[in-house]
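Peer 1: The chain contents come next:
2 protein chains.
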Amino acid sequence: MQNFVFENPTKIIFGKGQIPKIGKETFRFGKKALLVYGMGSIYKNGIYDQVTDSLKKAGVGCIDFPGVKSNPVLSHVQKGIELARHEKADVIVAVGGGSVIDAAKTISAGVNANHDVWDFFTFSKTITGALPVLTVVTVSASASEMNAGAVVTNEDGCRKYCIVSPFIQPKVSILDPTVLFSLSPEYSAYSAVDVITHMLEGYFNNTASASPLQDRLVESLMKTVMESTDIIMKEPDNYNARANMMWSAILGFNGLTTAGLGKVIMPAHMIEHSLSAIYNIAHGAGLSIVTPAWMSWALDTKEERLAKFAREIFQVKGARLRLAAEKGIACLKLWFESIGSPVSLKAVNIPESDIEAIAQNAFALSQVWRYDGYTKDVITQILSNAC
Amino acid sequence: MQNFVFENPTKIIFGKGQIPKIGKETFRFGKKALLVYGMGSIYKNGIYDQVTDSLKKAGVGCIDFPGVKSNPVLSHVQKGIELARHEKADVIVAVGGGSVIDAAKTISAGVNANHDVWDFFTFSKTITGALPVLTVVTVSASASEMNAGAVVTNEDGCRKYCIVSPFIQPKVSILDPTVLFSLSPEYSAYSAVDVITHMLEGYFNNTASASPLQDRLVESLMKTVMESTDIIMKEPDNYNARANMMWSAILGFNGLTTAGLGKVIMPAHMIEHSLSAIYNIAHGAGLSIVTPAWMSWALDTKEERLAKFAREIFQVKGARLRLAAEKGIACLKLWFESIGSPVSLKAVNIPESDIEAIAQNAFALSQVWRYDGYTKDVITQILSNAC
Numbered sequence: 001m002q003n004f005v006f007e008n009p010t011k012i013i014f015g016k017g018q019i020p021k022i023g024k025e026t027f028r029f030g031k032k033a034l035l036v037y038g039m040g041s042i043y044k045n046g047i048y049d050q051v052t053d054s055l056k057k058a059g060v061g062c063i064d065f066p067g068v069k070s071n072p073v074l075s076h077v078q079k080g081i082e083l084a085r086h087e088k089a090d091v092i093v094a095v096g097g098g099s100v101i102d103a104a105k106t107i108s109a110g111v112n113a114n115h116d117v118w119d120f121f122t123f124s125k126t127i128t129g130a131l132p133v134l135t136v137v138t139v140s141a142s143a144s145e146m147n148a149g150a151v152v153t154n155e156d157g158c159r160k161y162c163i164v165s166p167f168i169q170p171k172v173s174i175l176d177p178t179v180l181f182s183l184s185p186e187y188s189a190y191s192a193v194d195v196i197t198h199m200l201e202g203y204f205n206n207t208a209s210a211s212p213l214q215d216r217l218v219e220s221l222m223k224t225v226m227e228s229t230d231i232i233m234k235e236p237d238n239y240n241a242r243a244n245m246m247w248s249a250i251l252g253f254n255g256l257t258t259a260g261l262g263k264v265i266m267p268a269h270m271i272e273h274s275l276s277a278i279y280n281i282a283h284g285a286g287l288s289i290v291t292p293a294w295m296s297w298a299l300d301t302k303e304e305r306l307a308k309f310a311r312e313i314f315q316v317k318g319a320r321l322r323l324a325a326e327k328g329i330a331c332l333k334l335w336f337e338s339i340g341s342p343v344s345l346k347a348v349n350i351p352e353s354d355i356e357a358i359a360q361n362a363f364a365l366s367q368v369w370r371y372d373g374y375t376k377d378v379i380t381q382i383l384s385n386a387c
Numbered sequence: 001m002q003n004f005v006f007e008n009p010t011k012i013i014f015g016k017g018q019i020p021k022i023g024k025e026t027f028r029f030g031k032k033a034l035l036v037y038g039m040g041s042i043y044k045n046g047i048y049d050q051v052t053d054s055l056k057k058a059g060v061g062c063i064d065f066p067g068v069k070s071n072p073v074l075s076h077v078q079k080g081i082e083l084a085r086h087e088k089a090d091v092i093v094a095v096g097g098g099s100v101i102d103a104a105k106t107i108s109a110g111v112n113a114n115h116d117v118w119d120f121f122t123f124s125k126t127i128t129g130a131l132p133v134l135t136v137v138t139v140s141a142s143a144s145e146m147n148a149g150a151v152v153t154n155e156d157g158c159r160k161y162c163i164v165s166p167f168i169q170p171k172v173s174i175l176d177p178t179v180l181f182s183l184s185p186e187y188s189a190y191s192a193v194d195v196i197t198h199m200l201e202g203y204f205n206n207t208a209s210a211s212p213l214q215d216r217l218v219e220s221l222m223k224t225v226m227e228s229t230d231i232i233m234k235e236p237d238n239y240n241a242r243a244n245m246m247w248s249a250i251l252g253f254n255g256l257t258t259a260g261l262g263k264v265i266m267p268a269h270m271i272e273h274s275l276s277a278i279y280n281i282a283h284g285a286g287l288s289i290v291t292p293a294w295m296s297w298a299l300d301t302k303e304e305r306l307a308k309f310a311r312e313i314f315q316v317k318g319a320r321l322r323l324a325a326e327k328g329i330a331c332l333k334l335w336f337e338s339i340g341s342p343v344s345l346k347a348v349n350i351p352e353s354d355i356e357a358i359a360q361n362a363f364a365l366s367q368v369w370r371y372d373g374y375t376k377d378v379i380t381q382i383l384s385n386a387c
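Chains as they are written, first to last, in our numbering: chain R, 1 to 387; chain W, 1 to 387.
Calculated directly from the structure, the hints in this document are not laboratory data. A couple of the hints might just be wrong.
Which copy? The list can't say, so a pair holds if one copy fits it or any two copies do.
To be verified - In the SDA-like style, the derived pairs of lysine to any residue whose C-alpha atoms are separated by at most 20 Å in a straight line are:
(1) Lys346 - Asp64
(2) Lys333 - Gln315
(3) Lys24 - Asn3
(4) Lys223 - Gln315
(5) Lys11 - Lys263
(6) Lys69 - Gly149
(7) Lys11 - Phe167
(8) Lys16 - Phe4
(9) Lys11 - Gly255
(10) Lys171 - Glu7
(11) Lys79 - Asn154
(12) Lys16 - Ala210
Can you make the complete structure from the sequences, with help from the hints?
Peer 2: Written as structure tokens, this is what we have:
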């Protein structure tokens with residue numbers, strides 16, 4: 001186990017009927033909130049009213065900033081920063097899933113910066129402060145509600161990059177599993193894929209002998225996510241399944257499962273960023289294409305890990321490592337397909353002839369993230385496995 | 001899964017060579033530290049020098065308060081409170097295991113209270129503030145370094161009671177697994193028993209259908225603790241085994257494994273408090289006596305849980321619930337014995353004739369903690385199982 005620092009101060013308020021607590025919690029941090037949300041689904045399901053009523057009752061003023069799309073874009077975030085400055089917002093409340101929360105976090109970092117917020121994403125500037133962010137979660141996948149990261153796409157060059165800073169980590173996040181009852185089967189599936197891939201990427205950075213605990217934690221979470229998702233596909237309003245999924249999504253990417261693993265690289269996420277940046281497909285859909293393709297590419301170098309994954313998660317039997325590893329990848333693809341998430345580029349209408357351009361885009365990010373070894377050739381090989 | 005709030009802001013700095021960071025971390029919270037520690041083992045192993053050098057370099061003044069014993073007593077803690085007041089300490093640094101950290105937390109709560117600190121333990125007063133506490137951990141078992149609890153024994157009536165408050169939770173804890181290399185086999189074993197019992201008591205509050213995730217997390221941690229302890233017994237300086245144990249100890253009792261389980265009761269801990277309060281035996285030794293005795297008593301009401309425990313932890317086979325449950329208890333006792341922790345009152349020279357007095361003591365605590373159903377008769381039955 002390698003040295004690590006673990007610090008995760010976000011307060012999680014979890015369960016049915018908890019959303020009306022947002023006002024009182026927000027009041028601890030500010031008196032004028034920028035309310036960041038998406039395309040208006042929260043008007044229909046009543047969450048908008050619950051949140052704004054609660055803020056009003058607590059004496060928190062509220063400026064609406066709607067319109068965050070999946071794969072949030074820089075130009076929209078910049079408008080949010082201008083609005084927050086103009087209205088002198090002193091706190092940000094995000095109501096949505098990962099895209100909304102990431103947009104809110106980026107706005108929080110940008111408000112007091114004297115340069116373009118994109119400079120944080122290229123690491124040419126460092127975040128030194130941010131407005132406090134609170135969240136009400138409506139899609140559970142990114143764990144952005146309890147971590148320090150945010151992902152935004154710069155339309156100039158289709159660059160989907162990220163920032164990480166303790167300053168932007170939410171102070172409080174409210175998670176009510178009943179909110180997920182109305183989430184579509186597609187997005188329920190994409191959420192599961194995202195959560196599983198967060199954990200899998202960590203898992204493949206580990207070596208079992210050093211950190212058996214982290215392996216077991218990931219396996220526990222992965223089994224729970226798959227089992228819960230299988231239930232959700234049949235019973236979208238199964239409370240315990242949604243609740244187990246919602247809490248697993250957080251624990252899978254809040255620092256817990258990677259503590260002690262040293263530098264963790266996430267190549268499937270890196271390559272997927274190019275897919276969703278260029279084609280605006282759902283992040284989870286992109287991941288179910290890229291992750292098995294990466295695993296096939298890694299068969300030679302990660303054979304033992306892949307076999308362990310196959311045995312633990314899919315009860316693959318037999319002594320031969322290579323065969324077990326291959327079966328594990330096949331089982332994962334089948335499971336992704338079974339919940340309705342695509343496993344090939346073709347399934348989302350991306351032609352093989354685009355691979356070079358995608359690889360070029362992903363390679364640019366691999367240089368920003370300093371993922372040594374992920375050359376354009378390597379990325380091309382991985383993407384070719386997804387054809 | 002029941003509603004819950006999870007908030008655990010302690011910063012964990014984990015790994016070899018990290019102790020010299022204590023000065024800089026302490027300086028963030030105060031300029032004059034009360035240094036709380038035990039019976040002087042930290043003089044011998046060099047930790048005292050590392051800590052005081054680091055505090056000095058960081059410009060933090062330091063008042064020594066040594067002498068905390070296992071099962072820390074109220075009269076000593078009261079002296080610490082007086083010293084902290086007299087010296088106007090503004091921060092507390094605990095260097096030790098659970099006893100030292102609990103003493104430090106209690107002092108932190110008592111310094112600014114205008115009444116006896118014991119009033120917090122009987123719940124007749126509520127903690128409304130405390131000096132900041134930082135810890136350097138030298139025995140890993142209680143998880144006190146990352147939770148909000150503290151246990152102290154009032155010599156008047158041998159009352160081993162506890163307080164819980166976010167104000168006393170450590171701000172920063174430094175854990176260097178190499179520090180554990182010199183921990184005796186006895187205390188290494190008692191630590192493992194304590195960690196396992198923390199988790200087991202939560203486990204028996206769960207019902208598998210509501211929170212399969214929490215079951216899996218506990219099973220993962222329990223397997224890791226047992227496997228690591230088996231290695232430690234043979235190789236006390238095995239870094240990964242000590243590190244996995246050290247991190248598991250925290251995760252087993254920092255709120256993670258019981259999130260969503262509702263009110264968790266810990267009857268084995270409750271009864272054990274009487275043993276260590278009256279006879280001053282090690283807490284872990286008391287737990288390895290009481291826990292299996294409690295499990296045997298619970299055979300009728302928790303048969304299914306006990307069988308699940310047996311199957312998951314000890315790979316007990318066979319369809320019959322009762323038989324599996326009984327085998328699980330037997331396996332746990334054998335494992336406790338295998339690492340050198342006692343499993344009967346006789347093994348620590350407590351005569352059967354004392355059971356009534358112990359039960360009377362434990363019943364008083366069950367009333368403070370409001371553990372309905374734990375009458376003197378019930379506690380007597382449980383203790384009788386330990387003969």
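Peer 1: Indicate, hint by hint, whether the structure satisfies it.
Peer 2: We went through each hint and held it up to the structure:
For the identical chains of this complex, Lys346 and Asp64 are neighbours neither inside a copy (39 Å) nor across copies (69 Å), given an alpha-carbon limit of 20 Å. Taking identical chains as interchangeable, the C-alpha atoms of Lys333 and Gln315 lie at most 20 Å apart only when both belong to the same chain, with a minimum of 15 Å there against 30 Å between chains. In the homo-oligomer, the alpha carbons of Lys24 and Asn3 lie at most 20 Å apart only across protomers (18 Å), although the nearest pairing inside one protomer, at 38 Å, exceeds that limit. In this assembly of identical chains, the alpha carbons of Lys223 and Gln315 lie at most 20 Å apart whether taken from the same copy (11 Å) or from different copies (19 Å).
Taking CA atoms no more than 20 Å apart as the test, Lys11 paired with Lys263 passes between copies only; the shortest distance there is 19 Å, against 26 Å inside one copy. For a Cα distance limit of 20 Å, the shortest separation of Lys69 from Gly149 inside one copy, 18 Å, qualifies, whereas the shortest one across copies, 44 Å, does not. In this assembly of identical chains, the alpha carbons of Lys11 and Phe167 lie at most 20 Å apart whether taken from the same copy (15 Å) or from different copies (15 Å). In the homo-oligomer, the alpha carbons of Lys16 and Phe4 lie at most 20 Å apart only across protomers (10 Å), although the nearest pairing inside one protomer, at 35 Å, exceeds that limit.
In this homomeric assembly, Lys11 and Gly255 come within 20 Å of each other (Cα to Cα) both inside a single copy, at 15 Å, and across copies, at 12 Å. In the homo-oligomer, the alpha carbons of Lys171 and Glu7 lie at most 20 Å apart both inside one protomer (13 Å) and across protomers (10 Å), since each shortest distance falls under that limit. In this assembly of identical chains, Lys79 and Asn154 lie within 20 Å of each other by CA distance solely inside one copy; the values are 13 Å within and 61 Å between copies. Taking CA atoms no more than 20 Å apart as the test, Lys16 paired with Ala210 passes between copies only; the shortest distance there is 14 Å, against 39 Å inside one copy.
The structure is inconsistent with hint 1 alone, although it conforms to all the rest.
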